Every structure is written in structure tokens, then in C-alpha cells.
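J.: First residue of the sequence shown: 63, per the numbering used here; consecutive thereafter.
No lab work stands behind these hints: they were computed from the structure.
Quick caveat, the model's predicted, so the values are computed rather than measured.
Be a bit skeptical, because a hint or two may be false.
[Unchecked claim] Ranges of calculated distance between the beta carbons of each label pair, as one might list FRET restraints:
#1 Ile-66 with Glu-186: 22 to 28 Å
#2 Phe-105 with Lys-128: 17 to 23 Å
#3 Ala-70 with Met-194: 22 to 28 Å
#4 Asp-107 with Tyr-187: 54 to 60 Å
#5 Asp-236 with Tyr-180: 47 to 53 Å
#6 Lys-128 with Ser-106: 18 to 24 Å
#7 Pro-182 with Asp-112: 52 to 58 Å
#8 Tyr-109 with Thr-161: 17 to 23 Å
#9 Asp-223 with Glu-186: 27 to 33 Å
#10 Arg-216 with Arg-172: 21 to 27 Å
#11 Tyr-109 with Leu-68: 34 to 40 Å
[Stated by the list, open to error] Think about it this way: if two alpha-carbon atoms lie no more than 27 Å apart in a straight line, the pair counts; the simulated BS3-like pairs of lysine-lysine are:
#12 Lys-94 with Lys-143
#13 Lys-148 with Lys-115
#14 Lys-118 with Lys-128
#15 Lys-205 with Lys-111
#16 Lys-175 with Lys-94
#17 Lys-148 with Lys-210
#18 Lys-205 with Lys-143
#19 Lys-210 with Lys-143
#20 Lys-94 with Lys-122
#21 Lys-175 with Lys-93
#22 Lys-103 with Lys-175
#23 Lys-205 with Lys-148
#24 Lys-128 with Lys-175
#25 Lys-210 with Lys-124
#26 Lys-226 with Lys-128
#27 Lys-115 with Lys-226
#28 Lys-143 with Lys-103
#29 Lys-93 with Lys-122
#30 Lys-124 with Lys-148
#31 Lys-115 with Lys-93
The beta carbon of each residue, even a glycine, is placed where N, CA and C say it ideally should be.
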Amino acid sequence: MKKILLLALIAFVAAPSFAAVDTWFNTNPYKKYDESINLEKVFSDTYDKDGIKIEKNMFKFKYSYKEGNPYEYIITNNTEKDLFLKGVDSEYHANKNITRKSHWTRVNARYLKYWQAYIPFVAEYNGIRGDMEKTPYLYDFPKNYNLKPGDTIRILATGLDMDKVQSVTFIFNDNEDELHITF
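Sequences are here, hints too, so could you generate the full structure?
T.: Laid out in C-alpha cells, this is it:
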């Protein structure tokens with residue numbers, strides 16, 4: 063029995079430490095998401111400069127509203143040459159960024175602060191629906207993605223700051239020059 067408890071303790075303590083490192087154990091690579099978003103949009107903004115158009119939409123979860131805000135970033139290459147997205151950097155998003163930092167363990171830990179997490183059947187019902195709702199928003203940010211002229215990439219993310227609209231930094235590589243766009 064002591065061995066089982068010790069193993070459970072090690073697993074509980076070690077899990078957050080793996081969240082910041084790319085290992086075979088904790089990778090959730092970027093996936094293209096083509097389905098429509100059926101959430102309430104609370105904010106929208108557009109960046110359009112030098113042929114790069116970025117549209118930022120912030121939504122509100124129906125079931126996972128206590129765990130973060132979902133974001134959608136749509137990047138369109140309106141230049142006449144290929145655009146290489148080296149990666150995305152963020153301060154406080156659940157998604158793993160180019161610096162290999164992630165805050166995904168905080169998403170689930172937040173749910174434990176509320177009384178619904180401790181009521182049988184209510185926790186399972188809300189947890190399952192919330193997990194299905196937030197899953198597309200927890201994939202890693204894309205790395206080393208090439209955009210041809212006219213191509214578009216759609217990135218979904220979970221921002222953990224509930225009180226303000228968050229920004230991310232897109233890092234583009236253009237003939238050995240790095241272009242950082244914070245939006």
C-alpha cells in the first residue's frame with residue numbers, strides 16, 4: 063500500500079514539472095481545426111500591415127468559463143512571397159509556445175476552486191462538457207509553419223487571464239530577419 067501511495071505522490075508532484083518541457087510524455091502538437099465556433103464572441107480586432115493580416119477573436123466558454131477565455135487567431139499572408147511562421151510566444155496562455163512554456167496544468171487546477179467540482183454527478187456532467195468544449199483550444203501553438211501567398215492559418219488558444227484581452231507575439235522569419243508582431 064505504501065508503494066502505491068508513494069507512486070501516486072510522485073505522479074502528482076511530477077506532472078506540473080513536465081508541463082514546461084517537450085517530452086514524449088507531454089506533447090499536444092498543433093492541429094488544424096476547421097469546424098465552426100459556436101461560442102459567444104466578446105471581442106474582435108484586426109491587425110493589417112505590410113501584407114500580414116491577423117484577426118483576433120475572443121469568445122466565452124459555456125461550460126469552462128471559469129478556466130480561461132478561448133481565442134481565435136486567423137493569419138492571412140497577403141504578401142507576394144512565402145511567409146515562415148517560426149512560432150508563437152505568449153505570457154500566460156495554456157498552449158505550449160516557442161519557448162516551450164505551458165500553463166495547461168493551471169486550467170484544470172482552477173476548476174477545483176469551485177464547489178461544483180466536489181458534488182457527485184454535477185462534477186462529471188460539467189467536467190465532460192467542459193473538456194469537450196475546451197479541447198480544441200489546448201493544442202500547442204504552431205512552429206515552423208510556411209504560409210504561401212494567399213494562405214491562411216487558424217490558431218486556437220486559451221488565455222488564462224480572465225480580466226483583460228491578452229496578446230501573443232507572432233515570430234515570422236523573413237530571409238534571416240525576424241519579424242515580431244505582438245497582437
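J.: Going back to the hint list, which numbers does this structure go against?
T.: 4, 11, 16, 21, 25, 28 and 30
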